[in-house]
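**Student:** Chain residues, written in single-letter form:
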Amino acid sequence: MKVMKQILIIIIFALIGNLLSYLLSLINFPFPGSLIGLILLFVFLLTGLIKSEGISEVGQYFIDNMGIFFVPGAILILNNIRILSEIWWKLAIIILVAFIISFTATYWAVRLTLFLQDKARKKKEVKEND
Amino acid sequence: MISFLSSPLFYFFVTVGIYFLFALLQKKTHSPLLNPLLWTIVFVIGYILLVVLMDKHEVNPELIEAEVKNYEGAVNILDILLAPVTVALALPLYANRHVLKENWLAIIVASVVGVLTSIGSVILLGHLLGLDNSIVMALYPRGVTTAIAREISVMLGVGQYASITVTVVVITGIVGAILGPLLIKLFHGDDDASVGLALGSASHAIGTSKAFDYSQKAGAIASVSIITNGFLTVVVALIVSLCMR
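Here the protein sequences come in this chain order: E and X. Count the first sequence with my numbering and you get residues 16 to 145, in order. Count the second sequence with my numbering and you get residues 584 to 828, in order.
Just so you know, these hints were derived from the structure itself, not from any lab. These numbers come from a predicted model, not from an experiment. Don't take every hint at face value.
The calculated PhoX-like cross-link candidates involving lysine-lysine, where the alpha carbons are at most 25 Å apart (straight line), are [to be verified]:
| id | chain 1 | residue 1 | chain 2 | residue 2 |
| --- | --- | --- | --- | --- |
| 1 | X | Lys684 | E | Lys138 |
| 2 | E | Lys66 | X | Lys684 |
| 3 | X | Lys768 | E | Lys66 |
| 4 | X | Lys800 | X | Lys684 |
| 5 | X | Lys652 | X | Lys800 |
| 6 | E | Lys66 | E | Lys134 |
| 7 | X | Lys611 | X | Lys800 |
| 8 | E | Lys134 | X | Lys800 |
| 9 | X | Lys611 | E | Lys134 |
| 10 | X | Lys800 | X | Lys768 |
| 11 | E | Lys137 | X | Lys610 |
| 12 | E | Lys66 | E | Lys20 |
| 13 | X | Lys652 | X | Lys639 |
| 14 | X | Lys800 | E | Lys137 |
| 15 | E | Lys139 | X | Lys684 |
Just chain E, same shape as in the assembly:
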């Protein structure tokens, strides 16, 4: 009973997301339904309208085993096998280089932000002490 209730709650949020996504698509605004559902569920959790314990068993199960739900979509790669046999090495280069670039940039951007934040904080403290 408990598991079924939790599944139903999460499915309802996914369905509301899909419905809103459909309505948005009518005004030419494509936005993924599952993400609308995610935001809505987050807001409901924040406001306490839904308790996180009330969906935690099924929710945690989904998150811990998320990978298996992508298998059907990923297996469709077999239909692209001709293209892949030509471009796989290009994809490999992009995966590697794009990772190094974005990882390095993100890392140093955060370091800089923290450094500047720290400096601003110290400046403020000095001012307050004057």
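Let chain E serve as the given structure and place chain X on it in line with the hints.
**Tutor:** Below, chain X alone, put in the same frame as chain E:
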């Protein structure tokens, strides 16, 4: 015999069985190389090819396509449940809401820089390597968590390549979990926020599992950045798809 081995229930059994086996192995070894999704993709592809070969005594794209359709019918329920599974990502976001509140500026900076350099380098490299534009677009969400990445490739109108998106995302995560810690060593990184945000925003959930090796805080902040990164990429994709009209 072959009709038994390619029956829906047997296909479902093979899928869950391989996934379970690698999830178990990964739990024991903590190696990102044993990613259950990646190996399930590899083994199921091998299994489908084997079924085609045993059944028809030859393998060609048309026969493969027909058997893939048969397979998809067997595991369709997993695909249907993907939307509620994605919605469940609200739970870790909620659990780490204090981390979000305390580090919001660093998280936003990480997401903006991560998303722009990610898409920028994909466009640049894709162009240099002479890749077809629709495949380049399918690679935009390369660093985003799988659930959101797949939605983005559909949004961009390249849903026919969503399977490439999913595979590239998983491999990116594995590459990130291996290379990320090496880069951090190179940078002499020690603070939780930069380590967590770099791992989370460049290599999503698989990188995040590595962030937890540094500290609880690095892991928590990485989990939050997965979602913010995903959302920002959706916004960029939205702008791109609106501009394309």
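**Student:** When the hints from earlier in the document are held up against this structure, which numbers fail?
**Tutor:** 3, 5, 6, 9 and 11
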